[in-house]
Amino acid sequence: MPIRHSSRSVSGFSRRTVLKAAGAGSALSAVAGLPTRLFAQEPVKVAAIYTVPVEQQWVSRIHKAANAAKERGDIEYVFSENTSNNDYERVMREYAEAGNKLIIGEVFGVEDAARGVAKDYPDVAFLMGSSFKPDDAVPNFAVFDNYIQDASYLSGIVAGAMTRSKSIGMVGGYPIPEVNRLMHAFMAGVKEVAPDTKFQVAFIGSWFDPPKAKETAFAQIDAGADVMYAERFGVSDAAKEKGVLAIGNVIDTQADYPETVVASALWHFEPTLDKAIAEVKAGSFKAADYGVYSFMKEGGCSLAPLGSFEAKVPEEAKKLVAEKEKAIKDGSFTVEINDAEPKSS
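Here this note's numbering is used: the first residue of the sequence shown is 20, the next is one more, and so on.
Treat the hints with caution; some may be incorrect.
[As the list claims (entries may be wrong)] Here are the simulated EDC-like pairs of lysine to aspartate or glutamate, each with C-alpha atoms no more than 16 Å apart in a straight line:
#1 K294 to D308
#2 K305 to E108
#3 K338 to D241
#4 K331 to E344
#5 K305 to E113
#6 K343 to D241
#7 K305 to D93
#8 K316 to D349
#9 K210 to E355
#10 K120 to D106
#11 K348 to E298
#12 K83 to D271
#13 K343 to E355
#14 K89 to D293
#15 K261 to E278
#16 K316 to D358
#17 K233 to E211
#18 K120 to D93
#19 K152 to D308
#20 K138 to E100
#21 K83 to E289
#22 K337 to D142
#23 K348 to E335
#24 K294 to E317
#25 K138 to D154
#26 K152 to E278
#27 K233 to D256
#28 K316 to E342
#29 K138 to E108
#30 K259 to E234
#31 K345 to E317
#32 K217 to D241
#33 K120 to E298
#34 K316 to E278
#35 K152 to E130
These are computed hints drawn from the structure, not numbers from a lab. Remember, it's a predicted structure, so these values are computed and weren't measured experimentally.
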């Protein structure tokens, strides 16, 4: 029995309906015999494939950027969510066959299969979240990752100023480069203001398991952590229940935890996606590493406003954050990118 996956489009139609409509449109163009270059200014047909719900932190930022491009009229946008790794290749092929010119997603568990699909559709641009580098042998397959170490570093400065126990808990999904580098940057920021801080590091082996993340956070709080690095959903819930603080990752959840989430390192996928759309429209899309568009100097990340904690974070820490942010943007200071698995200390 085939594995089923949930799929939705922003217009509310099912993916199957969208694909049929797209196929019909392609057929009409073929009958009319009109060259595609005449429609260069029409919206680019974009499809996204997500292995988790669009509410999940990382994917939600891609989804947000795609919707913004759709609202501007730059793209048409359909997507599938909760697509299993076993089903990923099939969905990629369906979207390619439907005439989509740019397919985005995350292929951390299906690297070889995804690149194989790209080889079979050389006229389709693929922009995929990946821990690996682009390969000239697959010239239409570009990679990206959330290189938001700049914002993570700044959030660490805030955390270092707020911890009293000098023990910080960190709960991540998997120890892969995209997670590791953010944790290391956060820890470096903490040590700028609290060099004697110790860290409890744990990975739950899932991208979306809030109950497991919550239980792991409980254990770290019971062991003395008074600030939690919430790389996964569920950690801030534990912090709220235990009356400790949390630092967010990728999205800003302070509105949901106004007395718990002090600061968050935000990822902005818009620069990455907008660059890809421009390249597709210009016919110049190629194998490249789009990770640089997540850097702070490119507008790809930022520290969320302190909001309800504005008056609670020490002025010295806020001043240091401002100084470091300026230095990061003007290039006089570079946050180290360390992809090695972080360890407890």
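Problem set entry | Violations among the numbered hints | 2, 3, 4, 5, 6, 7, 10, 11, 16, 17, 20, 22, 23, 26 and 34
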